[in-house]
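Model the placement of chain B on the given structure of chain A, informed by the hints.
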Amino acid sequence: NAGVTQTPKFQVLKTGQSMTLQCAQDMNHEYMSWYRQDPGMGLRLIHYSVGAGITDQGEVPNGYNVSRSTTEDFPLRLLSAAPSQTSVYFCASSFSALGSYEQYFGPGTRLTVT
Amino acid sequence: GDSVTQMEGPVTLSEEAFLTINCTYTATGYPSLFWYVQYPGEGLQLLLKATKADDKGSNKGFEATYRKETTSFHLEKGSVQVSDSAVYFCALNMEYGNKLVFGAGTILRVKS
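Just so you know, the protein sequences line up as chains A and B, in that order.
Residue numbers for the first sequence follow my numbering, so the first one is 1 and each next one is one higher.
Residue numbers for the second sequence follow my numbering, so the first one is 1001 and each next one is one higher.
Chain A extracted, bound-state conformation (with noise of 0.2 Å):
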């Protein structure tokens, strides 16, 4: 049971660069998400799915793309890379999306757009 895997651990971009970060999970849970984390700022959420199928905005959803055709994969897509996108971002997932399941998180990506 690996829980939630991230790829790439590390990535170095330049501006205007496209990318795909990974994120799978195995725990079978409905509910995933992305969160950026930048200094003094926490966790911000920037997109979420409560299913296979069903994707919504977060927090700060701009210059991000998801979908979610299977339960276990949850790729963030950057269509155009900005300096303003250099951060370490998560992935997380819970059993459920209503209530207040226990978030898994993942190891992170940490991206630098040049």
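Just so you know, the hints here were simulated from the structure itself, not pulled from any lab data.
One should not assume that every hint holds.
[Stated by the list, open to error] Here are the simulated distance ranges between beta carbons: (1) A:Val12 with B:Asp1002: 29 to 37 Å; (2) B:Leu1046 with A:Ser67: 23 to 31 Å; (3) A:Asp38 with B:Asp1054: 19 to 27 Å; (4) B:Lys1068 with A:Glu59: 33 to 41 Å.
We treat Cβ as the ideally placed atom computed from N, Cα and C, and that holds for glycine.
Positioned in the frame of chain A, the structure of chain B alone reads:
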């Protein structure tokens, strides 16, 4: 909107000292409250939680009590260890959705 405010760090303590990290929240309804911990180079782990007023969450010697009257959820530990050095995040979510709202995080450094 909903928000969480926690004390700024870093907090530096000697081993076996008493720890308090303050956390207050603003929410329109009745949130559940959480403390997450992030060890260096790792993701976040749930430390403890409380889902209604006057609940006390506890784990690994850490405690926090949900105080509705003061909208607070302060984290305490009676005797910290070097291994407790980490970043601690207070967070809330509302009963209608599992979307966490985090505080800025507090760095704790424990010296031997």
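- Starting from the range 23 to 31 Å, see whether the pair leucine 1046 of chain B and serine 67 of chain A falls in it by beta-carbon distance. 27 Å, holds
- Message: If I claimed the Cβ atoms of lysine 1068 of chain B and glutamate 59 of chain A lie 33 to 41 Å apart, would that claim hold in this structure?
- Response: 25 Å, violated
- Message: Tell me if the beta carbons of aspartate 38 of chain A and aspartate 1054 of chain B are separated by a distance inside 19 to 27 Å.
- Response: 34 Å, violated
- Query: Does 29 to 37 Å hold as the CB distance between valine 12 of chain A and aspartate 1002 of chain B, or does it fail?
  - Reply: Given a distance of about 34 Å, which is inside 29 to 37 Å, the answer is holds.
Hints 3 and 4 from the list above are not met by this structure, while the remaining hints are.
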